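Trainee: Okay, here's what each chain looks like letter by letter:
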Amino acid sequence: LKSTTATSIMGDMNFSLTTFNKTGKLMQIEYALVRVQQGKMALGIKAKNGVVIATDRKVSSVLVDSNEYQKIQSITPTTGIVYAGMGPDFRVIVRNARKAAQKYYLTYREIQPVSQVVKESALLMQEYTQSGGVRPFGVSCLVAGYDDDGPQLFQVDPSGSSFGWKATAIGKNYVNAKNFLERRYDDEVELDDAVHIALLTLRESFEGQMDENNVEVGIVTAEDRIFRILTPAEVKDYLDEAN
Amino acid sequence: NKTSFRYYYYINYLYLPNMSILEYNGGAVIAMAGKNCVGICSDLRLGAQFQTVSRDFKKVFKVTDKLYVGLTGLATDILSVDQLLQFRCNMYKLRENREIKPEAFSALLSTLLYEKRFGPWFCEPVVAGLTADNKPFLSGMDLIGAPVFGSDFVVSGTCTANLHGMCESLYRPDMEPEELFEVLAQCLLAAVDRDAISGWGALVHIITPEGVITKKLRSRQD
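From first to last, the protein sequence lines are chains E and Y.
Going by the numbering used here, 90 is the number at position 90 of the first sequence; the sequence numbering is gapless.
Going by the numbering used here, 107 is the number at position 107 of the second sequence; the sequence numbering is gapless.
Calculated from the structure, these hints are not laboratory results.
These numbers come from a predicted model, not from an experiment.
Please note that a few of the clues may not be correct.
What the hints assert, rightly or not - Counterexamples of contact, computed for chain Y against chain E with all Cβ distances above 12 Å:
1. E115
2. G150
3. L189
4. P209
Said to hold, decoys possible - In the DSS-like style, the derived pairs of lysine-lysine whose C-alpha atoms are separated by at most 25 Å in a straight line are:
5. K172/E <-> K25/E
6. K135/Y <-> K99/E
7. K58/E <-> K236/E
8. K119/E <-> K58/E
9. K116/Y <-> K35/Y
10. K215/Y <-> K93/Y
11. K40/E <-> K172/E
12. K48/E <-> K58/E
13. K101/Y <-> K103/E
14. K22/E <-> K40/E
15. K99/E <-> K62/Y
16. K58/E <-> K172/E
17. K119/E <-> K101/Y
18. K103/E <-> K93/Y
19. K116/Y <-> K119/E
20. K135/Y <-> K62/Y
21. K103/E <-> K119/E
22. K166/E <-> K40/E
23. K62/Y <-> K35/Y
24. K215/Y <-> K99/E
25. K48/E <-> K166/E
26. K103/E <-> K116/Y
27. K116/Y <-> K62/Y
28. K178/E <-> K48/E
What the hints assert, rightly or not - Between beta-carbon pairs, the in silico distance windows are:
29. R117/Y <-> K25/E: 41 to 51 Å
30. N176/E <-> L84/Y: 49 to 59 Å
31. Q186/Y <-> F163/E: 55 to 65 Å
32. G150/E <-> T131/Y: 16 to 26 Å
For each residue, glycine too, the CB sits at the ideal point set by N, CA and C.
Produce the entire structure from the sequences given, and follow the hints as far as they go.
Mentor: Here it is in structure tokens:
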């Protein structure tokens, strides 16, 4: 059996593992996207007066002890992020984004705008497709925030490309979820309705019973521009209304 | 007279050791707040100790339509810091697709100066601008970036004692642009008249939401 460990080092030079094939594709990125599609669903909706992001947080077994692990994280007081794909890779991106945001604050004494937060993460993810000895990140991220340009929702992919969305879904069953969102979304939707729609969309693809403990919802509103995770009680209120 | 001729050359080759490096070129800047407007002005002298070399050396630079920065101190560092600020603000505009705000610019300048804490830029800046709500914003800094945020006026230069005195006497709050111009001009002119190494004319900018009014003042040319 031939060894299949990839080494790309030649002397002092360190070559990239992500290279083009004959059809012009970077297969490592394609494979990373496959991994993303296997991850639990995450979705986001931009409303007129805020943004909501939500994800499936179901634990694998009743033996799992702590519910304290949060999938949705904040980068700045006004920006939050969620992922589909590999949790450990996500943590690296969050760490990097937070440090970049603090560096920005240190220089400008101003909270880093959403588009700039996205640019930092996108830059990092692109670097890992063109640097020696590393693999791309196995996550796509949804970044939600509020700044002087209003509410914004962005997706960042393993390739490093970023796009702004009105509403989107990533991870398992994202195609069905996006169709669902397309039918329900309109430009004038308010944040409360957006949270409803988000929960309904999650439920479409949810395996088993969805309740306030196995989903996670984060919002940022126009009034205070603070990103926060909804408490289980708040999620329950929305779920009860949706029922 | 041969003796006095040689003496003249001697003075020009001598660097007076008790003169601070911040006083080598001379200069003065004031920024003052009015009602929904700010004014910033500088003298125009550039000297080498007591020898005047130029009467056209502006010390106030535009950053955006609503933000100006004035720098006093060593002339070479005034130019270098201005160029650095242009670089940083141009990059900011390209990256963020918007102009930098006065508060962020002041923080940026502060950081920029402190980065050189143990080998500083020999200049003491003054920032004057209008915030997003068109309210006046003023800040002044020492050469290592310690900021002070003034609500009325901030000064910098070789005659700060004179400048402070004049501003305290003549300033009143909520001045309209025309009044602000008069007060600012009088403060600067009177202050630099009692300073040997500042003066030789002045340039005043009044920044209003509608635009910037710039006037050159002809003063005592000594």
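Trainee: Against this structure, judge whether each hint is valid.
Mentor: Checked hints:
| no. | hint | verdict |
| --- | --- | --- |
| 1 | E115 | 10 Å, violated |
| 2 | G150 | 17 Å, holds |
| 3 | L189 | 35 Å, holds |
| 4 | P209 | 18 Å, holds |
| 5 | K172/E <-> K25/E | 23 Å, holds |
| 6 | K135/Y <-> K99/E | 32 Å, violated |
| 7 | K58/E <-> K236/E | 15 Å, holds |
| 8 | K119/E <-> K58/E | 30 Å, violated |
| 9 | K116/Y <-> K35/Y | 36 Å, violated |
| 10 | K215/Y <-> K93/Y | 28 Å, violated |
| 11 | K40/E <-> K172/E | 6 Å, holds |
| 12 | K48/E <-> K58/E | 30 Å, violated |
| 13 | K101/Y <-> K103/E | 18 Å, holds |
| 14 | K22/E <-> K40/E | 32 Å, violated |
| 15 | K99/E <-> K62/Y | 32 Å, violated |
| 16 | K58/E <-> K172/E | 13 Å, holds |
| 17 | K119/E <-> K101/Y | 20 Å, holds |
| 18 | K103/E <-> K93/Y | 18 Å, holds |
| 19 | K116/Y <-> K119/E | 28 Å, violated |
| 20 | K135/Y <-> K62/Y | 18 Å, holds |
| 21 | K103/E <-> K119/E | 14 Å, holds |
| 22 | K166/E <-> K40/E | 21 Å, holds |
| 23 | K62/Y <-> K35/Y | 21 Å, holds |
| 24 | K215/Y <-> K99/E | 45 Å, violated |
| 25 | K48/E <-> K166/E | 10 Å, holds |
| 26 | K103/E <-> K116/Y | 17 Å, holds |
| 27 | K116/Y <-> K62/Y | 23 Å, holds |
| 28 | K178/E <-> K48/E | 19 Å, holds |
| 29 | R117/Y <-> K25/E: 41 to 51 Å | 50 Å, holds |
| 30 | N176/E <-> L84/Y: 49 to 59 Å | 53 Å, holds |
| 31 | Q186/Y <-> F163/E: 55 to 65 Å | 57 Å, holds |
| 32 | G150/E <-> T131/Y: 16 to 26 Å | 20 Å, holds |
Of the numbered hints stated above, those contradicted by the structure are hints 1, 6, 8, 9, 10, 12, 14, 15, 19 and 24, listed in ascending order.
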